[in-house]
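S.K.: Here are the chains, one letter per residue:
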Amino acid sequence: MGKFTVLSSVAAPIDEKNVNTDIIIPIKRLVGTDRGTFGEFAFEPWRYLTEGVENPDFILNKMPYRNAEILIAGPNFACGSSREGAVWAIQEFGIRALMAPSFGGIFFNNCFQCGILPIVLPAEIIENFMRQAISDGDNPKFTIDLAANEVTAPNGDRTSFEVEPFRRDALLNGLDDLGMTLTRRDEIGAFQATDRETRPWVYL
Amino acid sequence: MAGTRTLFDKAWDAHVVSELGGDMALLHADRILLHDLSGLRALRMLKELGHAVRDPSLCFAAPDHTVSSDPALGGKGKFHETCVVPLAELTAADKIRHYAMGEQGFGILHVIGPELGITLPGASVICGDSHTCTHGGIGALAWGVGTTELVHAMATQTVMHRKPQRMRISFNGELPAWLSAKDMILHVIGAQGAGAGNGYALEYAGSAVRAMSVEGRMTICNLSIEMAAKVGMVGPDDQVFEYLNGREYAPKDEAWDLALAHWRTMPTDDEAEFDKDIDIDVSDLKPQITWGTSPEHVVAVDGLIPDPDKEADPDRRQALRAAQEYIGLNPGARLEGTDVDWVFIGSCTNSRITDLRAAADVLKGRKIAEGVCAWAVPGSEDVKRDAEAEGLDRVFTDAGFEWRLPGCSLCVGANGENVPAGKRCVSTSNRNFVGRQGTDSRTHLASPAMAAAAAVTGQITDVRKLMS
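Top to bottom, those sequences are chains A and B.
In this note's numbering, each residue's number is its place in the first sequence (first place is 1) plus 951.
In this note's numbering, each residue's number is its place in the second sequence (first place is 1) plus 10.
Just so you know, the hints here were simulated from the structure itself, not pulled from any lab data.
In this text, a Cβ means the ideal position worked out from N, Cα and C, and glycines have one as well.
Some hints could be false.
As the list claims (entries may be wrong) - BS3-like, lysine-lysine: derived pairs with alpha carbons at most 25 angstroms apart:
1) B:Lys105 <-> B:Lys57
2) B:Lys88 <-> A:Lys979
3) B:Lys86 <-> A:Lys979
4) B:Lys286 <-> B:Lys262
5) B:Lys286 <-> B:Lys173
6) B:Lys433 <-> A:Lys979
7) B:Lys475 <-> B:Lys88
8) B:Lys377 <-> B:Lys475
9) B:Lys320 <-> B:Lys296
As the list claims (entries may be wrong) - Chain A stretches covered by chain B per the calculated footprint, using a threshold of three residues with CB under 8 angstroms from any CB of chain B:
10) 1015-1022
11) 1041-1047
12) 1084-1091
13) 1098-1106
Next comes chain A alone, as it looks inside the complex (with noise of 0.2 angstroms):
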């Protein structure tokens, strides 16, 4: 998994609560699809007026935010549906960060199985950035600095943001969860040996 240090870039915002994964890969993209051919799908339902033909009025289809790495989200931004599609979809299309109010639990767990970095801030911060993301020819970059624990908006404002400090080592080393678990064979192992002395009915 690639390293997640500091990352600059326009954001784009999509100001809707509630958004669901289902919006964000359709269900019929999660067969056949491959890795690496995701992104095309990402919003497919807000991104495409009929298959193939882009709205114009979607965010992702406007300049700059065709190459923004950053999105920002309302509140329970991706929830629904377990799909890991949403992450890839979104990290195809070229997101790197997102940041909401708050995520749907299994894709915020999802980011960071694929390196991406999910940011939770007081919506009044969300707002706020939503304003300055919009870019009248002028492109305004925020910028991450997960060593840091800082977003510096365009403004130069600078917020800190708090990440569960095991995801951070992680996304700074480019550590994934199944190389960590597997040094801990013995562990897993002892557990089990104990467990089922007291849950032995677990065991089949």
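Based on the hints, put chain B in the right spot on chain A.
M.R.: Same frame as chain A, now just chain B:
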């Protein structure tokens, strides 16, 4: 900490393999459920990475998402070769128990888990499906995970998670006739909002939950994720133990006695405190139904579609307008009496035998309205066989319903079964999202009894009026 822990705390603590700092922990996954979309992809990823399944005996699989529910096709739909067959092959290679279409035990994973005794009180259950919270109905700690987490779980039998806060939702009072678990939970989501459970593990409590069947509790827990809570649980009680006793994978003999003694210690301690408490009196509840494109767009059946102009926030106003435009209804209109084209009774929310009985009670001796296409899709092969033994299939078919084969079917349309564009469907499923049941389809979530009533009248109907 004795005497002050919640059901969730007890279940969580029992699974901590390692603390990972902060609120993160590595937890043991007692059960891993695999389906034909995320499960299949995870099996392939595992193989590509060169890892083996650590404990195949703790993994179970069934191709619930893409199997066809069409009896004429014998369950073989358009994804039979690409999804159903590969899942069978890969699980066979890894020695994972797989239930094939038509086989006793096959069904929607969230139906067969409890049904086969795979799911147990206090056990951790994960699946690459957000409605895994359903298993909380029998007191399991169950939540949906992504594909990579599933790969991690199969390779290590563990899953990483941040410990959520705890919220208790207490339903008290006596539920009026013709209302059910679905009405209770839709009401909560409507009142609290689709994001209200974000960051919480929910526990459902109170006299109305205690009085409810185990299957009703699964319906309530199933919709936890529609309130953004990954976990929803009900404290296991004698009803749950009776439900589980004798089921295929449930412990037997001495192991049963040992398990039972343990399970009786699971419910929340009297002195335990929750981070948030919500109390609901169900005695005046009316049948609930969704009007829009989020599970929080809920009204009582006699309620009015909200007026966006009364919404102060411009973005919310715009979102309400968009939902109303999509669903084809006007602000201020009464939902009751709206014409319906389709009715779907099924899904991991409402496809169990008690759900089918509730619908059949309404359909008995009645015909569905002309022009309505109505499907009954049992949640599992066992549900289907039990229903047929009771003659419920005849009640459905005599009324004009199609009696179909078990699977997720029209809830999510992953198998290509869809509600046509522009058509309005009253559905017992769990999501009314834009395009959920098919491109431009319009979904109204409701209980099995309400769905049956809509089929009979061809309109959104208060089942209590139809049955009075």
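S.K.: Looking back at the hints listed earlier, which ones does the structure fail to meet?
M.R.: 4, 7, 10, 11, 12, 13
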